[in-house]
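Visitor: Residue numbers (numbering that gives the first Met the number 0), protein chains in the order written: chain A, 0 to 284; chain B, 0 to 284.
Possibly wrong hints are sitting among the right ones.
Keeping only pairs whose Cα atoms sit at most 25 Å apart, straight-line, the calculated DMTMM-like set for lysine to aspartate or glutamate is [claimed, not checked]: (1) A:Lys34 / A:Glu81; (2) A:Lys133 / A:Glu110; (3) A:Lys228 / A:Asp250; (4) A:Lys66 / B:Glu164; (5) A:Lys56 / B:Glu277; (6) A:Lys163 / A:Glu191; (7) B:Lys203 / A:Glu259; (8) A:Lys62 / B:Glu277; (9) A:Lys12 / B:Glu202; (10) A:Lys34 / B:Glu279; (11) A:Lys249 / A:Asp176; (12) A:Lys62 / B:Glu279; (13) A:Lys60 / A:Asp18; (14) A:Lys56 / A:Glu201; (15) A:Lys94 / B:Asp109; (16) B:Lys96 / A:Glu80; (17) A:Lys13 / A:Glu25; (18) A:Lys192 / A:Glu259; (19) B:Lys96 / A:Glu81; (20) A:Lys54 / B:Glu277; (21) A:Lys11 / B:Glu277; (22) B:Lys22 / B:Asp64; (23) A:Lys66 / B:Glu277; (24) A:Lys62 / A:Glu25; (25) B:Lys96 / B:Asp237; (26) A:Lys249 / A:Glu191; (27) A:Lys121 / B:Glu19; (28) A:Lys56 / B:Glu91; (29) A:Lys12 / B:Glu19; (30) A:Lys94 / B:Glu91; (31) A:Lys11 / B:Glu202; (32) A:Lys168 / A:Glu116.
Source of the hints: derived by calculation from the structure; they are not laboratory data.
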Amino acid sequence: MIRIENLTFRYKKKAIFSDFSMNLSEGKIYGLLGKNGAGKSTLLYLMTGLLQPQKGKIYFKGKNVSKRYPSTLQDIFIVSEEFSLPNIPLQRYIKLNSPFYPNFSNEQLVENLKHFELDSIKDINLGALSMGQKKKVFMSFALASNTSLLIMDEPTNGLDIPGKSQFKKFIASNMTDERSVIISTHQVQDVEKLIEHIIILENNKTLLNASADDICDKLYFATGVRDVKEEDALYISPSIQGYNALLMNKDNNESLLNLETLFNATLSNSERITSLFHLNNNSNI
Amino acid sequence: MNNTFNISRFALVLGKDFQEGWKRYSLQFLVMLGIMIVVLTWISLYAYSNIYTYEHNGVTYSSIDTLDLRLLLAGTVMFLGFGIVFTSTLMEPMRSKIQRISYLSMPATDFEKFFSRWLIVSVGYVVAFFIALWFADALRIMITSMRHPGVDVSFLDLSKMIAPEGYTGQSKYLSYSRQVFVVLLSLYIFIQSLFVLGATFWEKASFIKTFSAVAIIVTLFILLCRWAIIHSYANDGDGFGVMIESLGDENAQMLVLTCIFLFLAVVNWVVAGLRFRESEIIQRW
Numbered sequence: 000m001i002r003i004e005n006l007t008f009r010y011k012k013k014a015i016f017s018d019f020s021m022n023l024s025e026g027k028i029y030g031l032l033g034k035n036g037a038g039k040s041t042l043l044y045l046m047t048g049l050l051q052p053q054k055g056k057i058y059f060k061g062k063n064v065s066k067r068y069p070s071t072l073q074d075i076f077i078v079s080e081e082f083s084l085p086n087i088p089l090q091r092y093i094k095l096n097s098p099f100y101p102n103f104s105n106e107q108l109v110e111n112l113k114h115f116e117l118d119s120i121k122d123i124n125l126g127a128l129s130m131g132q133k134k135k136v137f138m139s140f141a142l143a144s145n146t147s148l149l150i151m152d153e154p155t156n157g158l159d160i161p162g163k164s165q166f167k168k169f170i171a172s173n174m175t176d177e178r179s180v181i182i183s184t185h186q187v188q189d190v191e192k193l194i195e196h197i198i199i200l201e202n203n204k205t206l207l208n209a210s211a212d213d214i215c216d217k218l219y220f221a222t223g224v225r226d227v228k229e230e231d232a233l234y235i236s237p238s239i240q241g242y243n244a245l246l247m248n249k250d251n252n253e254s255l256l257n258l259e260t261l262f263n264a265t266l267s268n269s270e271r272i273t274s275l276f277h278l279n280n281n282s283n284i
Numbered sequence: 000m001n002n003t004f005n006i007s008r009f010a011l012v013l014g015k016d017f018q019e020g021w022k023r024y025s026l027q028f029l030v031m032l033g034i035m036i037v038v039l040t041w042i043s044l045y046a047y048s049n050i051y052t053y054e055h056n057g058v059t060y061s062s063i064d065t066l067d068l069r070l071l072l073a074g075t076v077m078f079l080g081f082g083i084v085f086t087s088t089l090m091e092p093m094r095s096k097i098q099r100i101s102y103l104s105m106p107a108t109d110f111e112k113f114f115s116r117w118l119i120v121s122v123g124y125v126v127a128f129f130i131a132l133w134f135a136d137a138l139r140i141m142i143t144s145m146r147h148p149g150v151d152v153s154f155l156d157l158s159k160m161i162a163p164e165g166y167t168g169q170s171k172y173l174s175y176s177r178q179v180f181v182v183l184l185s186l187y188i189f190i191q192s193l194f195v196l197g198a199t200f201w202e203k204a205s206f207i208k209t210f211s212a213v214a215i216i217v218t219l220f221i222l223l224c225r226w227a228i229i230h231s232y233a234n235d236g237d238g239f240g241v242m243i244e245s246l247g248d249e250n251a252q253m254l255v256l257t258c259i260f261l262f263l264a265v266v267n268w269v270v271a272g273l274r275f276r277e278s279e280i281i282q283r284w
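Looking at chain A on its own, in the form it has when it is part of the complex (with noise of 0.2 Å):
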């Protein structure tokens, strides 16, 4: 669905992409993780066209996206960390918008505004709405948009506690298998069992590029152990109730990914992680 092609980007004073190369498919949702200033952000825009990279190509369904052409755009939407409504109805924003979506489906926005316990906003000025509620309906009309890439940047920033577990449930109960979602955030534990696919961006390389099925496959995920051999341990972290730590699955167990202690890994042992994901330096930053 996505193909990144030797990408180079740089703002003015700092290189983040050199020759950067990645294959995103349909129907999965990825998470791009990454501590701050890894690129993830950028690299979403870069997806979008909003930025244009000064080499290399990236490609939505065969198009080249830095022309953002109109039959580019309206198949892909993107809800980024900070966003702007009008300050106009909801009725009226709809009947704006929604003609640029040729798959936009009015009876799943209601749905999704239902889901958000916000379906009583309809003749409400955005403008009244808070942060949160508006992240909502933005998010309710990205989905209801159905296009065939939503890419979301820390989506579940300012929502409340009850907006975040139905968070999750929205996003599963649109999700198809012509669509993909891609996740940019560092609110891990919020999206933790929706990602089916794990990215970690650092330091000019994709340390991680793999499913959370073959993450689970080759690693286990020890929660809140007592006792743990430092030697066959890629990561531990002390918690609560002991350790949380890393290990090889060598036995075959099952185990529930952990994306920080996952993520923590990765970082501090780089070189094991993603030998063991066969990743080469074809994607180096």
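Using the hints, position chain B against chain A.
Guide: Positioned in the frame of chain A, the structure of chain B alone reads:
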């Protein structure tokens, strides 16, 4: 799908811009109308309070005869002033990163987006100006008639913009020939295009920055011309005048000037459009 220009998609972009920004446009219209009412009414009241007669080539004239000219002069200055200020808002939907994300990710071509903005600040402005002028003139007549009940105050006579062919009487026309009027019109279009271009360079405080840049460039241009004349004609202004006259009759010179202004205006619009096409959500350079 047409990825160059689609009239129905363009109408959607234009309609969205109008409906989302109607409060801002209304406010701008009211400010323009308010200033027009104050200026035109003040000129009119002053003229009717200070009527005097004078002779010109043996014919006696009343000062009221030139009221239309004074009103037209004020109207022309306001047309230019409001025009360039309003043109500076060309990139209003792209003033911040958040707004740029929203505007650039809208599924329409860059040309459709730019053209819709261009149409609003160019053609839309002219329509709004003449509507405001009509209202302001009507109010001027009402207020002046109330202040001077016995006087027959007439509507602003726009035919006084151009003197009839062969007219040699007292100066009561804005331009003494159609050619001069066309040159003035093309000069306005050229100045407007400079502010269109300026808006694509400076999205914030565009008017001040473009005005300063134009002032500096015009000053340098005049100094350069003066230097060239001094060196080429040994400071002989008459010699330079003779050379200009030798280029052709006045009509031909006016035509050349008009063509130069219009050509430069088109160049400015095209460059502005290209700059718009290269817009990114983060200004990197």
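Visitor: Indicate, hint by hint, whether the structure satisfies it.
Guide: Hint by hint, here is what the structure shows:
Using a Cα cut-off of 25 Å, the hinted pair Lys34 of chain A and Glu81 of chain A holds, with the two alpha carbons roughly 19 Å apart. In summary, the hint linking Lys133 of chain A to Glu110 of chain A is supported, as the alpha carbons are separated by about 16 Å, within the 25 Å threshold. Of the pairs offered as hints, the one joining Lys228 of chain A and Asp250 of chain A holds, with about 16 Å between alpha carbons and a cut-off of 25 Å not exceeded. About 53 Å separates the Cα atoms of Lys66 of chain A and Glu164 of chain B, which puts this hinted pair outside 25 Å; it is violated.
As the CA atoms of Lys56 of chain A and Glu277 of chain B are separated by approximately 16 Å, the hinted pair is consistent with the 25 Å bound. Distance restraint check for Lys163 of chain A and Glu191 of chain A: the Cα-Cα separation of roughly 12 Å lies within the 25 Å cut-off, and the hinted pair is therefore satisfied. The straight-line distance between the Cα atoms of Lys203 of chain B and Glu259 of chain A is roughly 41 Å, outside the 25 Å bound, and the hint therefore fails. Straight-line distance between C-alpha atoms of Lys62 of chain A and Glu277 of chain B comes to about 18 Å, which keeps the hinted pair within the 25 Å bound.
With a C-alpha separation of about 22 Å, the suggested pair Lys12 of chain A and Glu202 of chain B falls inside the 25 Å cut-off, and the hint holds. Restraint check for Lys34 of chain A and Glu279 of chain B: the C-alpha separation of about 24 Å stays at or below 25 Å, so the hint holds. A C-alpha spacing of about 32 Å is found between Lys249 of chain A and Asp176 of chain A, which places the hinted pair above 25 Å, so the restraint is violated. Restraint check for Lys62 of chain A and Glu279 of chain B: the C-alpha separation of about 19 Å stays at or below 25 Å, so the hint holds.
About 21 Å separates the Cα atoms of Lys60 of chain A and Asp18 of chain A, which keeps this hinted pair within 25 Å; it holds. Pair hint Lys56 of chain A plus Glu201 of chain A holds up; C-alpha atoms about 21 Å apart against a cutoff of 25 Å. Straight-line distance between C-alpha atoms of Lys94 of chain A and Asp109 of chain B comes to about 22 Å, which keeps the hinted pair within the 25 Å bound. Of the supplied pair hints, the one linking Lys96 of chain B and Glu80 of chain A holds, its CA atoms being roughly 11 Å apart against a limit of 25 Å.
For a cut-off of 25 Å, the pair hint linking Lys13 of chain A to Glu25 of chain A is broken: about 32 Å separates their Cα positions. Distance hint between Lys192 of chain A and Glu259 of chain A is fulfilled; the C-alpha atoms sit about 12 Å from each other, no more than 25 Å. For a cut-off of 25 Å, the pair hint linking Lys96 of chain B to Glu81 of chain A stands: about 9 Å separates their Cα positions. In summary, the hint linking Lys54 of chain A to Glu277 of chain B is supported, as the alpha carbons are separated by about 15 Å, within the 25 Å threshold.
Taking the CA atoms of Lys11 of chain A and Glu277 of chain B, the gap is about 16 Å. The hint holds against a cut of 25 Å. Proximity of Lys22 of chain B to Asp64 of chain B is assessed by CA-CA distance (about 40 Å); at most 25 Å being required, the pair is judged violated. With a CA separation close to 10 Å, the supplied pair Lys66 of chain A and Glu277 of chain B stays within the 25 Å bound. Only pairs whose Cα atoms come within 25 Å are accepted, and Lys62 of chain A paired with Glu25 of chain A is accepted, the gap being roughly 15 Å.
For the suggested pair Lys96 of chain B and Asp237 of chain B, the alpha carbons sit about 55 Å apart, so the restraint of at most 25 Å is broken. Of the supplied pair hints, the one linking Lys249 of chain A and Glu191 of chain A holds, its CA atoms being roughly 23 Å apart against a limit of 25 Å. Pair hint Lys121 of chain A plus Glu19 of chain B holds up; C-alpha atoms about 16 Å apart against a cutoff of 25 Å. The straight-line distance between the Cα atoms of Lys56 of chain A and Glu91 of chain B is roughly 30 Å, outside the 25 Å bound, and the hint therefore fails.
Taking the CA atoms of Lys12 of chain A and Glu19 of chain B, the gap is near 37 Å; set against the 25 Å cutoff, the hint is violated. A hinted pair counts as satisfied when its Cα atoms are at most 25 Å apart, and Lys94 of chain A with Glu91 of chain B qualifies at roughly 22 Å. Distance check on the hinted pair: Lys11 of chain A and Glu202 of chain B sit about 19 Å apart at the alpha-carbon level, within 25 Å; holds. Among the hinted pairs, Lys168 of chain A with Glu116 of chain A is consistent with the structure: their alpha-carbon atoms are about 13 Å apart, no more than 25 Å.
In this structure, the earlier hints numbered 4, 7, 11, 17, 22, 25, 28 and 29 are contradicted, and the remaining ones agree with it.
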